[in-house]
Amino acid sequence: MNEEDFTLTVESWTTLLEALRSHLNLTGTKYGCGTGECGACTVLVDGKPILACMTLAVAANGKEIMTVEGLARNDILHPIQQAFIEHGAIQCGFCTPGFMMTVKAMLDEKPDPTEEEVREYVKGNLCRCAGYAKIAMAVLAAAAEKRSKRQS
Amino acid sequence: MTDLSVVGRSLPRIEAAEKATGLAKYVADLQFPGMLYAKVLRSPYAHARINRISIEQAERLGGVKAIITHKDVPKVRYNSAFAVERYAPTQNVPRIEDQYILNDKVRYVGEAVAVVAATEEETAERALGLIDVDYEELPPILDFEEAFKRDSPRIHDVENNVATYGKPIVFEYGDIAKGFAEADFVFEEKYKTSVQQQCPLEPHASIASYDTSGILTIWSSTQGPFMLRKLLSRALNMPLYRVRVIQPYVGGGFGAKTEMCENEPFSALLSIKTRRPVKLTYTRMEEFCATRTRHPMSMSLMVGVKKDYLLSAIKAKALVGAGAYASHGPLVTSVIGSTLTRLYRCPNVRYEGYLVYTNTPVAGAFRGYGGPQGYFALECHMDAVARALGMDPLQFKLKNAVGQGDIDRGTGWTITSDGLRECAEKGAERIGWGKLRRQTGTRRRGVGMAWVMWESGGRPHGVELSSVIVKMNEDGKATVLTGCPEIGTGTLTAIAQIVAEELGIRMEDTHVPTTVDTFYSPFDQGISATRSTYVIGEAAKRAAEEARTQLKKHASKLLSVQEDDLEIREGRIYSRMQPEKKTTVAEVARTFQYLSSGAATIIGRCSYEPSGNAPPFAVHFAEVEVDIETGEVDILRIVAAHDVGKSINPYMVEAQIEGGIAQGIGYALYEELLVNKKTGITLNPNFLDYKVPTSVDIPEIDIIIVESNDPTGPFGAKGVAETGTVPVAAAIANAVYDAIGVRIKELPVTPEKIARALQENHHQEKIHITTRTASLG
Amino acid sequence: MLPSFELLEPKTLRDASCLLARYGDDAKVLAGGTDLFVQMRNGKVSPKYMISLMRIRDLDYLRYEEKAGLRIGATCAIRSLEKSSIVKQAYRAVHEAAYSVGTVQVRNMATLAGNICNASPAADMAPPLMVFGAELEIVGRDGKKSVALENFFTGPKKTALARDEVLAEIRLPDPPLHSGSAFLKISRTGSDLAKINGAAMLVVHGGVCIDVKIALGAVASTPIRVTGSERTLKGKRLEDSLLEKTADIAVDEISPISDVRSSEEYRRQVSKILVKRMLRAALERIDCVPGGKAI
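Chains C, S and Z supply the protein sequences, listed in that same order. Count along the first sequence from 1, then add 3; that gives the number in our numbering. Count along the second sequence from 1, then add 18; that gives the number in our numbering. Count along the third sequence from 1, then add 977; that gives the number in our numbering.
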C-alpha cells in the first residue's frame, strides 16, 4: 500500500474500499455509488486502475496498491496533482482522487495522449461539477510536464 | 477603476492542494470514538398508512442501540427547504409546511419509516430486516397531470392535489385579453420537462453528537449551515443556541443540499437517544430516491405578436410536479413564471402555475430552480415563433429583449448593467450563426440558440444577508471568516482574492478557513440562488475596506502622515507624497496589538444586504449533428457567452459555466428519473440506468466572457452559477430543429423521440397559428 | 456493504466444480465480480459461498495459434482482449466490442468468461463471439465438454451450465480467408449498456457472399443469430439493395422490449440500420485480414 507493507485482518466480504477507509484510515478514496459506475473509488492495483468498491480486500492480498495518498513524494506533489491544481480542474474535489489514479495509469501507459484519448480513458470517472474541460487540459499539461522531465 | 493585481487572475483555489492529496475531509471520512452507524428503513409503497410498527425484535439484536419511528419525533410541521426561511410567505406564494421528520402516512416509495443506530453498519442493516411494519396501502397517484384532475385521490388534504391550498401561483401584467386582441399572430404550443436528479458525487451524509452539556453538534454535507441550524432547531424543538452545525468539505450539492433531507434530524434524534455520535451516510440509491430532484413541468404557452414583430401577449399555464411534499415547490413554480415576464418586453403577461403533489420522490432545488424548465418552454417557443414569422430568431430576440435602463420585472429595479446584446452578437459570430452547414449522408447539422436573464441572489422578494469578518494577525496575514460553505464553487477563493485586492495584501497573505462552524463563523445564508460572489463577495470587500481603514489610521500615527496620503500595496504601507515613509501591514498589526496603552486589534466586519439584484445574462449556441436514421444527437460544439459583470477568477468562472453546461446537456439529452407507473418504485436509482454525462459526452465548450461591470457588485461582478445550466436544453432542442426540421417539445430529447418524429414525418414547425387580418393603416 | 459469505479459493478448475457440486445454489463463482457484486448489493443474490477462480494459476491466458485459432482462459480480463493486437487484426469485431464494454476500470476487472456466464441479453461481447463461431470449453466434476456459444444462452441471465460446471475456456477458430467483421452498438452516453448491439462477419470472394454471420443483442431474451437475414445474403452476389433487404428481414427475427434504456419501437426501427451498417463496415474490411485477398 503506497510502498508500505500492511497486515490486516478482514472479513471475506470486506471490500478493498472498506479496508482502505476504515482499517487503514486512508479516506482519500471515496464511495460514490457502490456499483462500479462512478469511478470515485479508483485505485491502482499492480499499476492497473480498478474499482475498490467492487474488489474484495482479500483479492488484493500480495499486490501493490496505490491510492491518492501515495502520489505525492516527500511532500512534493506529483505532476498530475500539480497540473490539476494549476488548471482549475478541481471543484468540489470528491471525484479528484479517483481521477488522478486513472490518469496516472494512463500516463504510465501512454505518455503522449491526444485530448480524445484522454477523454476516452477517463470516461469511467464521473464528475458532476466540472464538465471535464479543465480536467482534460490538466491531464495534457501533466503529460507534457512528465515528458519534459524525462527528457531533461 | 485602478489596475487590479489579484482580482481578475486565475489563481489556484485555496483548498486545491488539500483536495488533490486526498487529505480533504468530507463527512463520511470523519470518525469519532464510540460512533454508531445509522440505517433507514424505507417504505416499499408509494402511498400507505402505517398502522403499526414493531421494533422489539430489532431492538434485541446485539449491537443495536436505538431505533426511532414516527412516535419518537416532535410533532412539528415544517418545510425542509432552506429557501423557505428567506422568503416571507405571500398569498400568491405561500409557505407550505407539510412535513414531519417521520410520518405515520408514507407518500412515496423510499420514504423513511424507521431509523436504526447500531455499533456496526452491518448490524444496523440487519436490524432493518427485523422491523415489522403493518402498512395499509392507499391508491397511489404517480403522474402530476393525472393528480391535477378533480377526482384523483388526495395525497395531502388539498383540492386537485395542488399544494398551494388548491390555488395557482399567478403573475399578471397589463391586460392579457387586450394583448391577444392586439396581436396579429398567435402561437400556441405545449412543452414538457422531466425529472432530473442532482447527483452530487458525495451522497448526503451527517454525523450528530449530543453531549451532556446539552449541545447538539451536527457535521453535515450541507450548502447552508446556518439555515440547517435554524430548521433543525425548529424541527427538533430545540433552542437555536444549542444546535451547532459544522460543515467540512462538501462534495457537490447543486441544490440538493439546500435542504434538510431528513438525514440530519435522524442522526440527531438517535444521538440524543444514545448520547453517542451517530453517523448516517446515504447510499447512491437513497440519494436518487430519498433526497430531492428537479421539478418536472408541463406548460401550455401562448404568445401573441404584432405585425411589427413586437410581442404583445404571453400567456402560460403550467403544471409543476412537486413529488410527495412541497419543499421548494412554490418558489420554483414562481420562478418558472418569472422567466416568462423578465427577458422580453412584453406588456401583457399572465402566468398560472399549479404545484401538484404526486406519490413520487420529492422535488426540491436544483441549479436553475425552475429556470431550465421555464426557459426550455420560452426559448423553444420564441425560436418557433420567429421562424414561423419568417424572421431570424436572433433578430427577433434583439428586437424584443430587455436591456439597460429597463425595469427588471423580477425585482422591480432598473437593470444596471447589460451585456446581453454583446453576448448575443459575439456568440453568434463565434458559432457562425446564419452560415450554411455541411450535410453528409445520413447526418444533418444545425445550430440553435437560447437566451437567459438570471439573478444575483434573491432580492427583493427574499432575504439576502451575508456577514464577513476580516481579522488581521500580527504577521500581516488576514484571516477571513465567513459562513459560506465550500461545496466546490470556489467562493472562498474568490473571497480571498477580493479581500487581498481591497486590503492591499498578497493573495498568499489571506487565510480563509474552509470549515464553517456556526459557533464561530458569522452568519451566512449559504450557497444557492447564484448569490455567493455578488453578496458574500461584496460583504468581504466591505469588511476588508473597514480593516484597511483601521490599518491606515494606525499607520498614519506610526508614520506621522495623513491617512488619505497612504497607499497599501502587496502588504506595504507607504506615503504617496513621501515614499520613504513606509512600513508594512504586519508591522502595523503587530505594533498596535502590543502597545502598553492604546492597544488594538484590527478587525473589519460587514453585515451586507445588497441594494440591488443585478441580473447576469447569457446566450448559448449549440451546434449539433443528428443521424437521421438512428435519431442520435451529437453535440459538436457549444458557444456560451456570459455577462458576469466582472470575472473575479476567470478559471473558476469558466469552471462554473462548464459544469453548468454539462448538467444542462444531461438534462437535454440523457437524464430522466423514472418510476414504475403502477407501483411508484423508482426504476433507475443508480448510475447504470440513470445516465450522467461522461467525459466523452461533453463537446468543446467555447466560453465568451463579457464584463459589463455592474455598479452594485464587488469589483463589478454579478453571479454566474446557475446561468450555465438554464439555457442549454433549449439551445440544443432548437439546434435539433434547425438540423432536421423536427421540434421535440418534451425533455429529454432522445433518439427514440427523434426517430419516431422523423418516421411520422411530423413537421412540427407548423405550430398552431391563428392569423388575424389586421388593418394595415 | 456486501452481505456475508465464505470465500473459497480452489487451486484448480476441477476443485472449483467439486465445490459447486457440493454447495449448489448456495454458491456463486467469482471472477472479476463486476456483475456479481452489483447483484449482491441489489439484494438479487445472496450466496453463502463464493468460489473464486482468481487464485487458479495460468487461467488468464490469451493465446493465438495459426490454424488452431484463439484461446481465452477463464480469468482473462476483457482489457487483455482490448489491447491484444492479434485480436484487433484477426477478430476485429471482438476488439471493437471489448473496447466498448464499460470503462477501463471495469475492463481491467471483468473477465470475458464471467461476462458470458452473466448471460445478459445485452452483453457486448456475445454478438462478435457468435459470428466468429465461438466454442466454450466447460469443466464439470466428471470431465470436460464443448458447447457452441449460440447454444449456451438459454434465457435472460440463464445459461446451459449445470450446477457443477465452470466455463474454462473460450475458443475462436481461425478467421476464414477473405473475411471482414464489424461490431456496432447504440447506447445513451459514452459508458452504457447497449440499447442494441450487434456484429457481422462476411466472407466474400469474387463479389459473392460465401458466408455471413449476423448476431444482434439486447433485442431478444438472449443474444441471437439472425439466420433469416443470413440466408437472404449467403451465396448471393453483393449489391446494396440486397444488403437493404437482408437488414429488413432482421426486424422480423427479433423480439425487443421497452426498458429504461429504450423502447421496443426504437429497437425495431434501428435494428435494420444497424445490420445494414455492420454489413457495409465488414465488407470494407475484407482486404485487411492477414492472408485475405481483395474481392
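Hints in this document: simulated from the structure, not taken from any laboratory. Just so it is clear, CB atoms sit at the ideal spot from N, CA and C, and this is done for glycine as well. A hint or two may mislead.
[To be verified] Anything over 12 Å on all C-beta distances counts as not near chain S; from chain Z, calculated:
hint, residue
1, P980
2, L985
3, V1015
4, N1019
5, K1025
6, K1121
7, D1169
8, L1219
9, D1236
10, Y1243
[Unchecked claim] Mimicking DSS-like on lysine-lysine, the simulated pairs with C-alpha atoms at most 25 Å apart in a straight line are:
hint, chain 1, residue 1, chain 2, residue 2
11, S, K771, Z, K1021
12, Z, K1060, C, K51
13, C, K66, Z, K1253
14, Z, K1021, C, K51
15, C, K113, Z, K1065
16, Z, K1253, C, K149
17, C, K66, Z, K1222
18, S, K208, S, K167
19, Z, K1253, C, K113
20, C, K113, C, K149
21, S, K695, Z, K1021
22, Z, K1005, S, K696
Hints, verified against the model:
The non-interface label for P980(Z) is inconsistent with chain S: the shortest C-beta to C-beta separation is roughly 9 Å, within 12 Å. Separation of L985(Z) from chain S is adequate, the least Cβ-Cβ distance of about 21 Å exceeding the 12 Å criterion. The beta carbon of V1015(Z) is not kept farther than 12 Å from every beta carbon of chain S, the shortest such distance being approximately 8 Å. Annotated as non-interface, N1019(Z) brings its C-beta within 12 Å of a C-beta of chain S; the closest such distance is 8 Å.
Residue placement check: K1025(Z) keeps its beta carbon more than 12 Å from all beta carbons of chain S (closest about 15 Å). At the 12 Å boundary, the C-beta of K1121(Z) stays outside the reach of chain S, the nearest C-beta of that chain being 35 Å off. Distance to chain S contradicts D1169(Z) as a non-interface residue, since its nearest Cβ pair spans about 6 Å, not more than 12 Å. With a cut of 12 Å on Cβ distances, L1219(Z) stays outside the contact zone with chain S, its closest approach being about 18 Å.
With a cut of 12 Å on Cβ distances, D1236(Z) falls inside the contact zone with chain S, its closest approach being about 9 Å. For Y1243(Z), the requirement that its beta carbon stay farther than 12 Å from each beta carbon of chain S is not met, with the minimum near 4 Å. The suggested pairing of K771(S) with K1021(Z) is violated, with an alpha-carbon distance near 33 Å, which exceeds 25 Å. Distance hint between K1060(Z) and K51(C) is fulfilled; the C-alpha atoms sit about 13 Å from each other, no more than 25 Å.
Annotation: proposed proximity of K66(C) to K1253(Z) is violated, straight-line Cα distance about 47 Å (limit 25 Å). Simply put, K1021(Z) and K51(C) have alpha-carbon atoms about 29 Å apart, too far for the 25 Å limit, and the pair is violated. In summary, the hint linking K113(C) to K1065(Z) is supported, as the alpha carbons are separated by about 18 Å, within the 25 Å threshold. Pair hint K1253(Z) plus K149(C) does not hold up; C-alpha atoms about 45 Å apart against a cutoff of 25 Å.
Straight-line distance between C-alpha atoms of K66(C) and K1222(Z) comes to about 54 Å, which puts the hinted pair past the 25 Å bound. This hinted pair checks out: K208(S) and K167(S) have alpha carbons roughly 18 Å apart, not beyond 25 Å. For the hint pairing K1253(Z) with K113(C), the CA-to-CA distance comes to about 35 Å; that exceeds 25 Å, so the pair is violated. Restraint check for K113(C) and K149(C): satisfied, since their Cα atoms lie roughly 11 Å apart, inside the 25 Å limit.
A distance of roughly 22 Å separates the Cα atoms of K695(S) and K1021(Z); the hinted pair therefore holds under the 25 Å criterion. With a C-alpha separation of about 33 Å, the suggested pairing of K1005(Z) with K696(S) is violated against the 25 Å cut-off.
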